[in-house]
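Undergrad: Spelled out from the first residue to the last, the chains are:
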Amino acid sequence: MKNMKILFVILVALLWIALFVFSTKIILFFTGNTLKGEQIDTSTLSPDIKYHIDRISSPEGLLKMVTIEGWAFNVNYRDGSERNVSLILKGPALSFEIPAKTYDSNGIANHFKDLKISSEDLKFDTSFSVLAIPNGKYEIFVKVWETGEPFSMVQHYKNYVKFGNEFSVVGE
Amino acid sequence: MKTLENSTTEPGTKTPAKKVVLFSFLSLISSFLVACFPLVYFTNRNLEWINTHDFFQALGGVALHWLIVIIINLLILKDFHLASLTTIFIILPLSLFKSGFAYISRVVPAFQYWHVLMLVFTFYILLIFIIKKYVKPEVSKKLNIIAGAVFLMLILINASPFISQQGGEKRKADQKNNALGQALNAISPVGDKLPNIYLFIFDEYAGYDGLLRYTGFDNQKFYDDLSNLGFKTSKHSLSYSTSSNTEITNLLNLSTGAMKYTEQEKNNAMKDPFLLKLLKEVGYDFNLINDQSFISTPKTYFKHQFVPQGYFQQDENLLSLLIEKSVYYPIRTTTSNPRMLEVNEMFAYGAEASTIQQSGLFTFGYLMFPHQPWVVDENGKLLDEKDRDNFENTDIYLGQLKYSNKMILKLVLEIIENDPESCILLLSDHGYRHPSRLKKYRDISMEDPALEYLYMRNTLNAVYIKGEAIDFEDYSGINTLRLVLDRLFSLGLGMIEEPGK
Numbered sequence: 001m002k003n004m005k006i007l008f009v010i011l012v013a014l015l016w017i018a019l020f021v022f023s024t025k026i027i028l029f030f031t032g033n034t035l036k037g038e039q040i041d042t043s044t045l046s047p048d049i050k051y052h053i054d055r056i057s058s059p060e061g062l063l064k065m066v067t068i069e070g071w072a073f074n075v076n077y078r079d080g081s082e083r084n085v086s087l088i089l090k091g092p093a094l095s096f097e098i099p100a101k102t103y104d105s106n107g108i109a110n111h112f113k114d115l116k117i118s119s120e121d122l123k124f125d126t127s128f129s130v131l132a133i134p135n136g137k138y139e140i141f142v143k144v145w146e147t148g149e150p151f152s153m154v155q156h157y158k159n160y161v162k163f164g165n166e167f168s169v170v171g172e
Numbered sequence: 001m002k003t004l005e006n007s008t009t010e011p012g013t014k015t016p017a018k019k020v021v022l023f024s025f026l027s028l029i030s031s032f033l034v035a036c037f038p039l040v041y042f043t044n045r046n047l048e049w050i051n052t053h054d055f056f057q058a059l060g061g062v063a064l065h066w067l068i069v070i071i072i073n074l075l076i077l078k079d080f081h082l083a084s085l086t087t088i089f090i091i092l093p094l095s096l097f098k099s100g101f102a103y104i105s106r107v108v109p110a111f112q113y114w115h116v117l118m119l120v121f122t123f124y125i126l127l128i129f130i131i132k133k134y135v136k137p138e139v140s141k142k143l144n145i146i147a148g149a150v151f152l153m154l155i156l157i158n159a160s161p162f163i164s165q166q167g168g169e170k171r172k173a174d175q176k177n178n179a180l181g182q183a184l185n186a187i188s189p190v191g192d193k194l195p196n197i198y199l200f201i202f203d204e205y206a207g208y209d210g211l212l213r214y215t216g217f218d219n220q221k222f223y224d225d226l227s228n229l230g231f232k233t234s235k236h237s238l239s240y241s242t243s244s245n246t247e248i249t250n251l252l253n254l255s256t257g258a259m260k261y262t263e264q265e266k267n268n269a270m271k272d273p274f275l276l277k278l279l280k281e282v283g284y285d286f287n288l289i290n291d292q293s294f295i296s297t298p299k300t301y302f303k304h305q306f307v308p309q310g311y312f313q314q315d316e317n318l319l320s321l322l323i324e325k326s327v328y329y330p331i332r333t334t335t336s337n338p339r340m341l342e343v344n345e346m347f348a349y350g351a352e353a354s355t356i357q358q359s360g361l362f363t364f365g366y367l368m369f370p371h372q373p374w375v376v377d378e379n380g381k382l383l384d385e386k387d388r389d390n391f392e393n394t395d396i397y398l399g400q401l402k403y404s405n406k407m408i409l410k411l412v413l414e415i416i417e418n419d420p421e422s423c424i425l426l427l428s429d430h431g432y433r434h435p436s437r438l439k440k441y442r443d444i445s446m447e448d449p450a451l452e453y454l455y456m457r458n459t460l461n462a463v464y465i466k467g468e469a470i471d472f473e474d475y476s477g478i479n480t481l482r483l484v485l486d487r488l489f490s491l492g493l494g495m496i497e498e499p500g501k
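Residue numbers (my numbering), protein chains in the order written: chain H, 1 to 172; chain U, 1 to 501.
Because the hints were derived from the structure by calculation, they are not lab data.
Idealized CB from N, CA, C, for every residue including glycine.
It cannot be assumed that every hint is accurate.
[Claimed, not checked] Far from chain H by the CB rule (all over 10 Å, computed), these chain U residues:
1) 105
2) 114
3) 236
4) 330
[To be verified] One-sided and incomplete, this derived list gives chain U residues near chain H with beta-carbon spacing under 8 Å:
5) 106
6) 112
7) 113
8) 115
9) 118
10) 122
11) 380
12) 381
13) 385
Given only the sequences and the hints, what does the whole structure look like? Please build it.
TA: Okay, structure coming up:
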């Protein structure tokens, strides 16, 4: 009986330790913020992408969410097509792709009226938890594509470093 | 429950029932005193910002929190003394969770909120186990009383400035009533139609001189733009105080009485302020924009009202501060986006006020903007969360002030378009309090406090009165209001003494 009690206490302690150690991963999983690391080929960049990143916020809230806002399109987009944007964070070992929500923008379309680009899906925003990526230096790539068509990407001119709960421009 | 079971007087019982009840009560009071300590501590540290209404709301929140914790402990332990002892141990980690978390995450940066929450929860479970198994109610009773006495001492030490302020000289209300009577007798409205009046107070909008001194920015263009719209502006106006509570109470009572009032008296003076009483007699309806629910005048006064945020989203109240420090801080929203939405809504509502009724409406807007939280730069771009309270970098404040210039111009342009025969007053309660923040949070003393105090009281002051010329120079906000009311209704209010320079 005494042995059973000791065993029970050990089991509870082990379960507690496991929960404690993996709690961040568990929370990320249940809040849908897990990011899957993969090898992504970023060697082919396209000169046809116009883009701007308006804002990369500091990590905010409990999950240290970084919000990224901007606009991006390929000058060869066809009218009426469904357009997609995602951001790729390329780290020291793995890359992480973060899909973005897109929005129509007459302002961007007007600004580039010479390119005769329609206003659909030009702006984007997305967010990710810095807790979901390992520490290290990150290059940011903007990936755009029309549904059913091959993607093209461009590299953002600033690199970021993730350390602890911080996500900041390299050198700042 | 053990204590209640023992509480009947039986022959041969050593402890009389009354004594048992008394000690149970003392145990409960002890745990309540411990629960109240953070409230008293933060009240003491923020005395100049807090009014009585704030304090009692926060006390209600603390009492409710304590009650929930003690009931849970009573249900588990079934003894008043043991439940009180457990509450004493757990209530401070819950109330000051964020400070502890900040300390732990400095030592172990990988620790997140949930890690510390797990540690606190585990501590609580072990505490319950140890207290239930090893601590006798008699011992617990003594420990509770000792803890209660210690925390009572701490509370008294921390509360002494508050008590001394409350115990200060009581002001008589008669003076105010006499002034009202005289003014009401003198009312002679000019013309049949009562022009709509818009009074906007932009908290911490620095006057021209103060802004130049603390940020190096020359705000002349803003004053020129206002002049072009028909405003008379004053660049060197001063407020009487750097405290919003004091100055706004003064403004709404057209006097400087609040300079000597206790917080309770200021609160009372806001219940039925002289300015509103006066305008009510003249025949005005009231419309309020109440950022942070700062204006405590009863809702019944106002025909229309806009309150941009719920209680937990307010930035300046004691209960929010206590929540911010506690384990419950995630329920507070502190990102820039919601705050900017509120600010945009307030400005939009202010402009819409010019379409509510053609005459006889007094719109009073209190906007905690460009006051912190600093959430936006001069182009309207949201700032990072880390700059929200960045008082050291004056560019952060300046960016928000420059953006408020744009918002204010848009607001008054719309009002004038809709309601050209109106009267608009743009005031601030005090200027940019940069030196006092450096003193308070960094202990950086001012070389010449009297001089800095002067610049910190340099306020925004601009008046549009039906597009007509009005002659005033460097008046305080209160005197400007008195002047405008005299001009509109021939009240004979006259001027009061200008703030000391």
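Undergrad: Checking hints one by one. Is residue 112 of chain U an interface residue toward chain H, by the C-beta closer than 8 Å rule?
TA: Holds - the Cβ of residue 112 of chain U comes within 8 Å of chain H, reaching about 6 Å at its closest.
Undergrad: Is the interface hint satisfied for residue 380 of chain U? The criterion is a beta-carbon contact with chain H at less than 8 Å.
TA: Check failed: Cβ of residue 380 of chain U comes no nearer than 12 Å to chain H, outside 8 Å.
Undergrad: Is the shortest C-beta separation between residue 381 of chain U and chain H less than 8 Å?
TA: Result: holds, 7 Å to nearest chain H Cβ.
Undergrad: Can residue 106 of chain U be said to touch chain H, with a Cβ gap under 8 Å?
TA: At 11 Å from the nearest chain H Cβ, residue 106 of chain U fails the 8 Å test, so the hint is violated.
Undergrad: Would residue 114 of chain U pass as off the interface with chain H, using Cβ distances and a cut of 10 Å?
TA: violated, 5 Å
Undergrad: Given residue 115 of chain U as an interface hint, is its Cβ closer than 8 Å to any Cβ of chain H?
TA: holds, 6 Å
Undergrad: Mind verifying the non-interface call on residue 330 of chain U? Its CB should be farther than 10 Å from each CB in chain H.
TA: violated, 5 Å
Undergrad: Would the hint on residue 122 of chain U stand, with a C-beta cut-off of 8 Å toward chain H?
TA: Since chain H brings a Cβ to about 7 Å from residue 122 of chain U, closer than 8 Å, the hint holds.
Undergrad: Taking the minimum C-beta separation from residue 105 of chain U to chain H, is that value above 10 Å?
TA: Non-interface label fails for residue 105 of chain U: nearest chain H Cβ at 8 Å, not farther than 10 Å.
Undergrad: Tell me if residue 385 of chain U is really an interface residue toward chain H, meaning its C-beta lies closer than 8 Å to one of theirs.
TA: Because about 5 Å separates residue 385 of chain U from the closest Cβ in chain H, which is inside the 8 Å limit, the hint holds.
Undergrad: Once the shortest beta carbon distance from residue 118 of chain U to chain H is found, is it less than 8 Å?
TA: Holds, because the Cβ-Cβ distance from residue 118 of chain U to chain H comes to roughly 6 Å (cut-off 8 Å).
Undergrad: Would you assess whether residue 236 of chain U, listed as outside the interface, keeps its beta-carbon beyond 10 Å of every beta-carbon in chain H?
TA: holds, 38 Å
The structure fails hints 1, 2, 4, 5, 11 (numbered hints given earlier, in ascending order).
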